[in-house]
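A.B. asks: The primary structure of each chain is shown beneath.
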Amino acid sequence: MNCEEIAELLPDYLRGTLAPAQLRMVEQDIEQHIEQHIQHCAECRDDVAIWKKLSLLPAEQPSAAAQGRVDALVEAYQAGRADGRASVAERKHAPSRWTFDWLRSPLPGLAFGLALLAIGMVAGTYTSRMAGPRSDDLAAVRSELTGMRQLVVLSMLQQQSASERLQGVSFSQHDLQAADPKIVAALLHTLRYDSSVDVRLAALDALGRHSGQQQVRAGVTDALQYQQSPLVQVALIDQLVEWREPGLTERLREFQQSADLNPAVRQRAQWALNKLNRD
Amino acid sequence: MLQVRNGEGEMLGVLFERYHAPLSNLYSRIMGNRTASEDLVQEVFLRILRYRQSYQPGTPFRPWIYQIARNARIDLLRKTPQRQVAFEPEMVPPVVPQDSAQQAQEADLLHRALMQLPEEKREVLILARFQELKYEEIAALLGCELNTVKTRIHRALQELRKVFRQLEQGLGAPGCGPAAPNIPLRRQEQ
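Chains A and B, in that order, give the protein sequences.
Using the working numbering, you'd call the opening residue of the first sequence number -4 and step up by one each time.
Using the working numbering, you'd call the opening residue of the second sequence number 1360 and step up by one each time.
Derived by calculation from the structure, the hints in this document are not laboratory data.
Quick caveat: nothing in here was measured; it's all calculated off a predicted structure.
Errors might be hidden in some of the hints.
To be verified - Below, simulated DMTMM-like cross-link-like pairs (lysine to aspartate or glutamate); rule was C-alpha separation at most 20 Å, straight line:
no.: 1; chain 1: A; residue 1: 270; chain 2: B; residue 2: 1434
no.: 2; chain 1: A; residue 1: 48; chain 2: A; residue 2: 0
no.: 3; chain 1: B; residue 1: 1480; chain 2: A; residue 2: 26
no.: 4; chain 1: A; residue 1: 47; chain 2: B; residue 2: 1465
no.: 5; chain 1: B; residue 1: 1521; chain 2: A; residue 2: -1
no.: 6; chain 1: A; residue 1: 270; chain 2: A; residue 2: 240
no.: 7; chain 1: A; residue 1: 48; chain 2: B; residue 2: 1434
no.: 8; chain 1: B; residue 1: 1438; chain 2: B; residue 2: 1491
no.: 9; chain 1: B; residue 1: 1493; chain 2: B; residue 2: 1504
no.: 10; chain 1: A; residue 1: 48; chain 2: B; residue 2: 1402
no.: 11; chain 1: A; residue 1: 270; chain 2: A; residue 2: 237
no.: 12; chain 1: B; residue 1: 1438; chain 2: A; residue 2: 200
no.: 13; chain 1: B; residue 1: 1493; chain 2: A; residue 2: 38
no.: 14; chain 1: A; residue 1: 48; chain 2: A; residue 2: 7
no.: 15; chain 1: A; residue 1: 47; chain 2: B; residue 2: 1504
no.: 16; chain 1: B; residue 1: 1521; chain 2: B; residue 2: 1504
no.: 17; chain 1: B; residue 1: 1480; chain 2: A; residue 2: 41
no.: 18; chain 1: A; residue 1: 47; chain 2: A; residue 2: 26
no.: 19; chain 1: B; residue 1: 1493; chain 2: A; residue 2: 3
no.: 20; chain 1: A; residue 1: 47; chain 2: B; residue 2: 1434
no.: 21; chain 1: B; residue 1: 1521; chain 2: B; residue 2: 1479
no.: 22; chain 1: A; residue 1: 47; chain 2: A; residue 2: 70
no.: 23; chain 1: B; residue 1: 1521; chain 2: B; residue 2: 1491
Using the sequences and the hints, build the whole thing.
C.D. replies: Given below as structure tokens:
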């Protein structure tokens, strides 16, 4: 065997994962060939030696401070789950901005689905029949579809099931180059009032894509003071640090003084303040 | 992980405990910056919580968490590219066998040589040498073919060997990666 052939086998040889099928030999034979080559080739021998030498690098243990932060995160998460369960009742009293409650019943929901299908088919047929569609016609169809998408997103965000609301948040991000104001408002409402931590976090992610809009930045900034879940609070802090909102330092200092703040959130706020000062 | 995904927080501590040290080591060795490493581990755990619904039950968990870890590091580098070449003298291996000054020196040189490799090579080498990932999993993580991973490992090893020898002979850094930090070799601190 020459160096080139050895090079192909060396990574598996070093980890003891040589496959006999590689050279139609039994594993011991391949190893023997490699070892014979290594005895005579200083460079390949050094490659093996440096691989073994890497074991000299010690494994570090996480520092006590880092361990403390992770422990606090676990506690925060568990506190957040408890908070999520408790807030289901609260959600019933949250102000409703929805006008699509009728969609929650199965029959109207089905009818709505069929209507969507029909519109899709009509739009498809319409566009396919036109050999050279005029741009204003296409724009009209596109606008209609955007309107339907908006309706679907708004109705999905209203569903009882958290997974369906999650899908609604996910759907809100499809093909929306410019944020639709109604969807943005719905996402901000979801971020503030949804009973599920997962849905609130997903809404925050979706809103993060529209950081250019003042309405979004202001809404997300305001959400921090109303949020009870430590996990969402931490995510909000991260998002705001990324945006570098003017006045964020003062807001964070004020927030940090809140009496019943979770220790992990307090630490994250401190980390954010340090980061803002450092950068 | 399935229990965590379904919102059962009790298993979270176990999960984090299992991955805390491996991830800390992964980041420390790739980035050479302990503070950034610890921040990143925290970030990974936060992302696990935030995106736990994206974990597919029945699929291996380890590649999923390493993908999150890699994305978090790439995001950090994108936001603060200067960290890519950060080097903290404190990151030179702090713990060495008490009776071997030579091993301490070799570990020191090795660490410095590793930090001089281009990050792409350092990453693949560390994943292969220190993390319990199969080559197939590393290939999926890096988005390349299995053979490419093996070739990269071999090339990284060759380059590490050359840099190590040059440092050993006091020749300084070759023409790749950041310049060798001019720090004295650290002996074991009693």
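A.B. asks: Honestly, which of those hints from before does the structure not fit?
C.D. replies: 2, 3, 7, 8, 10, 13, 15, 16, 20, 22 and 23
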